[in-house]
Amino acid sequence: MQQLIQVIISGLLAGGIYSLISVGLTLTFGVVGIVNFAHGEFLMLAMYFSYWTFTLLNLDPYQSLLINMVLMALLAVVVFKTVFQRVLSADHSIQTILTLGLSMLLQNFALMIWKADYRNVRIPINNATLNLGGIILSLPKVIAFLIAIGMSVALYIFLQKTYTGVAMRAISQNMKSAQLMGIELKKTYLLAFVIGVVLVGVAGSLLIPIYPAYPTVGNSFCLLAFIVVVIGGLSSVPGAIFGGLLVGVVESLAGYFIGPAYQQAAYFVIFMIVLLVKPTGLFGKSTT
Amino acid sequence: MKKLASMALTAALISSILAGCGGTASSESSAASAGAASATASQASAAASGDVIKVGAIYPSSGEKALLGTQNLRGTQIAIDLVNAKGGINGKKVELVTADAPDSTTAATEAGRLINQQGIKILFGSMSSGNAVAIGSVVEKSDALLIESNGIADALTDVGNKHVFRVIDKGSYRGALGVQYSYDTLAAKLGKNPKDLKIAILNEDSSYGTSVADGAVQCAKKLGINIVYQESYNAAKITDMSSMAMKIKQTAPDVLISVSYINDAILMMDTLRQYQAVPKVIMGCGAGTTDPNFAATVGKDADGIFCMDMPTNLSLDVYKSDPTLQAAVKEFREKYLAMDKSVNTVPVGTECTFCGAYTFLNDVLPKAKSLSVDDIRTAALSTKLSLTSLGFGLDFGEDGQNKLASANIGQWQNGKVITVYPDKLKNGSLIDIPLPITSK
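Going down the list, the protein sequences come from chains P and D.
Here this note's numbering is used: the first residue of the first sequence is 1, the next is one more, and so on.
Here this note's numbering is used: the first residue of the second sequence is 1001, the next is one more, and so on.
Calculated from the structure, these hints are not laboratory results.
EDC-like cross-link-like pairs, simulated, lysine to aspartate or glutamate; straight-line CA separation at most 20 Å:
| id | chain 1 | residue 1 | chain 2 | residue 2 |
| --- | --- | --- | --- | --- |
| 1 | D | LYS1237 | P | ASP117 |
| 2 | D | LYS1300 | D | ASP1432 |
| 3 | D | LYS1237 | D | ASP1205 |
| 4 | D | LYS1335 | D | GLU1095 |
| 5 | D | LYS1330 | D | ASP1081 |
| 6 | D | LYS1341 | P | ASP117 |
| 7 | P | LYS115 | D | ASP1340 |
| 8 | D | LYS1424 | D | ASP1322 |
From the structure, some residues in chain P lie toward chain D, with a derived Cβ separation under 7 Å:
| id | residue |
| --- | --- |
| 9 | SER10 |
| 10 | ALA14 |
| 11 | ALA116 |
| 12 | ASN120 |
| 13 | ASN127 |
| 14 | THR129 |
| 15 | ILE136 |
| 16 | SER138 |
| 17 | THR216 |
| 18 | SER220 |
| 19 | GLY255 |
| 20 | PRO260 |
In this text, a Cβ means the ideal position worked out from N, Cα and C, and glycines have one as well.
Make a model of the complete structure from these sequences and hints.
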């Protein structure tokens, strides 16, 4: 029984980070309407930013969280204005290929300037654990989980209670009607994209004490994020939170009881079931 | 203005496409796989002239294996530099053409390109067994040879290949060595009857990992040792090893045999430490646990971890019977450490690629009557050396496997890998058994 609880809790902790990575993606997808295949690369860049602030300024990733958020926001503005803004009204296939190209560009850019070496941030809490009645919790993962869920919930409240947040939800429901209501599309798109990238930036800061940074680190997390977003429902923040936690737990249970080789297969099975039973996602609403 | 800008961009796009088609090839990789596609094949000079022997080197320089691949390539480069400095091969200089192979599909494509478009007959590779097997199947159907220095998958030489020569050992030998050493030496150090040893095996799931794991399993069965847990995983995709750490904690093996690349080796160590599941002995294998970056990242806790691998950091005394070789090894190490400031010992993969390239270019090729594949093969099969830079001799069997290749067991001690087996290459004694960080 204890083992089962340990497995589930480990899964939840991993799932918290998956949620945070996915929440950014769901916002970009839902509001801006672009399938951002470069999402994993923003995570990779955030991890590198954290690494370099640690190496050059001696600030651990938690101390440099705000700096990282600012850097990611600036990056998001630059990328949006130079790349995404030009294809907002283009065909989806063009947008997709563009983001794929951006993904390759960023990966190779990182490879070129930082080489392929794995960059680890080693801080005292790297291997620190909490022991709650025999259940072992990795401290960096607990911190990551709490901040991740906290930020995701904060985003949810922002989307529900503030004018800008409601505007974003309006756009994701019906872009034309939102415009008729006087919502400024371009500014809102930019803000949604920036928030999405900043959140994935936070995820990067939280991940670097757990996982090394290297140019292709974004690949596996990006794939996971897409699965979570589809399971949870496009443009649904609660969906992304729930989906992330679900994927984390399924991955952990499958890994322990069946085998690590089946971890991915397990959450792909859930993914396919959701697509068959409720294609809009568990929390998704159909949009016009 | 807009029109001018689009014309300029179109012109730039067309010229880059033309440049791309012109002679430098790009390696393709699908977005779903390794993800990073880069054009890294270096420009070869126009046609192969009579004064130059062109050889190819195919290693990953992008993707998650890029670190190890780049290290490996340097070994080949330095070997060629040393051979050229001594006048080349029968007066002809060796020219290196490199290709990037982040995954095995690209490795096969690049091998085909180097052979067919550049007319190259000798390929050095491959960093990973996956790439090695892929290149092996291409050379077998072509007029070329593969000199393999890193891939240990049994499959490379077990399928009747005539165009593949492997300088280093086979995966299954390595796995068996780890188990045998645990039985012969480590059991006593742990105060256990060898037959009561509990072994767990955690391996990455490509031909490299499975070869070693299979060898370990066979040897364990032969010796009557209990394998309490065995698991394989995909090294490129794994992001969380909690379930494996929990299983290891539950099954409590005495010895964990870990066959990994570097990223998963680090992840495994971190996860084992977090779950307080570190077994008494960790017997790592190649690529991951032997790389200097492993120890640099894991820190002091790396001390005491074993690695089954090719020799590294051997004392120069090992080569005293062959002063020319001794000087070459010394120069190679100095050159490498000048190129790579991030490490203080030469990575083992680089030692292997240097050995493969240097032995072939210095000892085998000069004896070949011509540069035809048949003549080179004859020269290779007839070359018998009692010592190479890896500390063992050279004697290729008909299957291309070097029968004299044997892995060492090394142990991390104060940031360096100290050879503890075999006795003739030993340069230190055992420490830290069980590991200081073993969970009680």
